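Here the working numbering is used: the first residue of the sequence shown is 5, the next is one more, and so on.
The hints are simulated quantities; they were obtained by calculation from the structure and are not laboratory data. Since we're looking at a predicted model, the values are computed, not measured. Some hints here could point you the wrong way.
Derived DEER-like restraints, expressed as beta-carbon distance ranges [said to hold, decoys possible]:
{"id": "1", "residue 1": "115", "residue 2": "248", "range": "42 to 52 Å"}
{"id": "2", "residue 1": "195", "residue 2": "218", "range": "17 to 27 Å"}
{"id": "3", "residue 1": "187", "residue 2": "301", "range": "46 to 56 Å"}
{"id": "4", "residue 1": "168", "residue 2": "136", "range": "24 to 34 Å"}
{"id": "5", "residue 1": "237", "residue 2": "281", "range": "51 to 61 Å"}
{"id": "6", "residue 1": "115", "residue 2": "214", "range": "48 to 58 Å"}
{"id": "7", "residue 1": "15", "residue 2": "151", "range": "30 to 40 Å"}
{"id": "8", "residue 1": "290", "residue 2": "216", "range": "42 to 52 Å"}
{"id": "9", "residue 1": "256", "residue 2": "14", "range": "10 to 20 Å"}
{"id": "10", "residue 1": "52", "residue 2": "23", "range": "19 to 29 Å"}
{"id": "11", "residue 1": "131", "residue 2": "300", "range": "24 to 34 Å"}
{"id": "12", "residue 1": "116", "residue 2": "5", "range": "40 to 50 Å"}
Beta carbons are placed, not taken as given, at the ideal position from N, Cα and C, and that holds for glycine.
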Amino acid sequence: MAIENLIPPRTHNLGGDFVVRRILPYRARRSVGPFVFFDHFGPTTYAPGNSFDVRPHPHIGLSTVTYLFEGAIRHRDSLGTDLVVEPGAVNWMTAGHGIVHSERTPDLQQRAGQRLHGIQTWVALPVEEEDCAPQFVHHPAESLPLFDLSDASIKLLAGAAWGHSSPVSFPSDILYLTITTHQDCAISLPSDLATERALYLVSGSAFVDDTQLQAQDMAVLESGLDVSVNLEKDSIAILCGGAPLDAPRKMDWNFVSSDTAKITTAREDWTTAIRDGGTHRFPAVPGDQSEWIPLPH
5 MAIENLIPPR
15 THNLGGDFVV
25 RRILPYRARR
35 SVGPFVFFDH
45 FGPTTYAPGN
55 SFDVRPHPHI
65 GLSTVTYLFE
75 GAIRHRDSLG
85 TDLVVEPGAV
95 NWMTAGHGIV
105 HSERTPDLQQ
115 RAGQRLHGIQ
125 TWVALPVEEE
135 DCAPQFVHHP
145 AESLPLFDLS
155 DASIKLLAGA
165 AWGHSSPVSF
175 PSDILYLTIT
185 THQDCAISLP
195 SDLATERALY
205 LVSGSAFVDD
215 TQLQAQDMAV
225 LESGLDVSVN
235 LEKDSIAILC
245 GGAPLDAPRK
255 MDWNFVSSDT
265 AKITTAREDW
275 TTAIRDGGTH
285 RFPAVPGDQS
295 EWIPLPH
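Full structure from sequences and hints, please.
Here's what the structure looks like:
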């Protein structure tokens, strides 16, 4: 069989009208390569005056990757980053030993309304990099490889594929790309693209060998096999994966680590940061200091 796991979407309400389809982690599959978290949000239409708002919250031990198909999100973090995330760009935030960030509707879209649609993934850092210094890197849409394959356009967000390489840097093998079809087409996914691979169908219809995928299904592909995928016209899919994790990961709220003790310490440090208005590990977000997401119990 070409498919190891077929993962259906599970709906989560993150507050207000913000509903996501959570794909990873899944009970039968916790990760694919370094990807330990995969959320698909939207498309959701926000009327003027309504907004998407995620208050300041912390992360450790991972990189968050936000990719938009439609709309805009204002990203601010404890490093002082303040920018608007737009469709087609890659926004790669490495938490390392600790970072705080917020995601909100930009002022223009708050006034005018917007349609918001995108993917957020978390990528576990290698064990030796879990406590690295935090950083944020923005890669504009035009800096990322875009090429045709069969009757589809491939946008390479991270890693290397079919002779192209993304400028996005990550300290272990990774693959992350979008597939947008112009006609019905067949694409071969060679086994050497990544040791672990998963195909997520954002919209449209697809077959992996003889198995049909519905929109918002993820098919984890068997390692070591070349896999054929047939996609209908105007379908959008994501291929993600990479090298297997170098150690099991514990995930607790927004914290990811190979060491449970580090997560316990991070929970304590976040409680202190809220009480004190920020700490050395979890500083306040400049310009967004009046709200914090409390630690869940």
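Hint-by-hint comparison with the structure:
1. 115 - 248: 42 to 52 Å: holds, 46 Å
2. 195 - 218: 17 to 27 Å: Because 25 Å falls inside the window, the suggested range holds.
3. 187 - 301: 46 to 56 Å: holds, 52 Å
4. 168 - 136: 24 to 34 Å: holds, 27 Å
5. 237 - 281: 51 to 61 Å: Cβ of residue 237 to Cβ of residue 281: about 53 Å, so the range 51 to 61 Å holds.
6. 115 - 214: 48 to 58 Å: Since residue 115 and residue 214 have Cβ atoms about 50 Å apart, the given range 48 to 58 Å holds.
7. 15 - 151: 30 to 40 Å: Because 34 Å falls inside the window, the suggested range holds.
8. 290 - 216: 42 to 52 Å: holds, 48 Å
9. 256 - 14: 10 to 20 Å: Distance hint for residue 256, residue 14 holds at roughly 19 Å.
10. 52 - 23: 19 to 29 Å: holds, 20 Å
11. 131 - 300: 24 to 34 Å: holds, 26 Å
12. 116 - 5: 40 to 50 Å: holds, 48 Å
Hint compliance for this structure: every hint is met.
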